[in-house]
Amino acid sequence: MFGGTSNSIFGATPTVFGSGATQSNPNPMKDVEVVSPPDDSASCLAFSPAALSQDFLIAGSWDSNVRCWEVQQNGQTIPKAQQSHQGPVLDVAWSDDGSKVFTASCDKTVKMWDLNSNQMIQVAQHEAPVKTVHWIKAPNYSCVMTGSWDKTLKFWDTRMPNPMMTIDLRDRKSVV
Numbered sequence: 098m099f100g101g102t103s104n105s106i107f108g109a110t111p112t113v114f115g116s117g118a119t120q121s122n123p124n125p126m127k128d129v130e131v132v133s134p135p136d137d138s139a140s141c142l143a144f145s146p147a148a149l150s151q152d153f154l155i156a157g158s159w160d161s162n163v164r165c166w167e168v169q170q171n172g173q174t175i176p177k178a179q180q181s182h183q184g185p186v187l188d189v190a191w192s193d194d195g196s197k198v199f200t201a202s203c204d205k206t207v208k209m210w211d212l213n214s215n216q217m218i219q220v221a222q223h224e225a226p227v228k229t230v231h232w233i234k235a236p237n238y239s240c241v242m243t244g245s246w247d248k249t250l251k252f253w254d255t256r257m258p259n260p261m262m263t264i265d266l267r268d269r270k271s272v273v
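Per this note's numbering, residue 98 is the first one in the sequence shown, and the count goes up by one each step.
Don't take every hint at face value.
[To be verified] Subject to a maximum C-alpha distance of 30 Å in a straight line, what follows is the list of computed DSS-like cross-link-like pairs (lysine-lysine):
1. 127 to 177
2. 177 to 197
3. 228 to 205
4. 127 to 205
5. 248 to 228
6. 197 to 228
7. 234 to 197
8. 177 to 205
9. 177 to 228
10. 248 to 177
11. 248 to 205
12. 205 to 234
13. 248 to 234
If you're looking for bench data, these hints aren't it; they were derived computationally from the structure.
Work out the full structure: start from the sequences and follow the hints.
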């Protein structure tokens, strides 16, 4: 089944798993592995916004860390910085100017990572793990939107300890 030549209704052709299979380019997408990858599975990835002159990659992972790499023109990566949560990191989002990264975690918090100072501060809190975080830039304001397994969406001014608005989704019915 997985080796040699296949004599099926599709004809006698070498199979992908067989000894007759040849691969002219083992890396057609020119993928490059990051240097110093997470110790556990990556749960989210985000490339830096176009506002930055250099390319950066942020990854959150199940090892409770968020990492930043510089991605060079040739695809090679250079580890730049790392920060931690008390639980797995489920989502990351860049600010529009690329100076900050927001991280959502199973520790029920959202943190803002100032990449210029390499400082990380908590900017949001939920009653359950935070599944998603988004930076919202509007003409009159900017805020962080968070979504949690506590079935709430919250909107945060990062300078204030309490949300600007909370939308309770507990009464919503899910459609399967």
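These are the hints, each one checked on the structure:
no. : hint       : verdict
1   : 127 to 177 : 22 Å, holds
2   : 177 to 197 : 14 Å, holds
3   : 228 to 205 : 9 Å, holds
4   : 127 to 205 : 37 Å, violated
5   : 248 to 228 : 10 Å, holds
6   : 197 to 228 : 19 Å, holds
7   : 234 to 197 : 13 Å, holds
8   : 177 to 205 : 26 Å, holds
9   : 177 to 228 : 25 Å, holds
10  : 248 to 177 : 35 Å, violated
11  : 248 to 205 : 12 Å, holds
12  : 205 to 234 : 24 Å, holds
13  : 248 to 234 : 23 Å, holds
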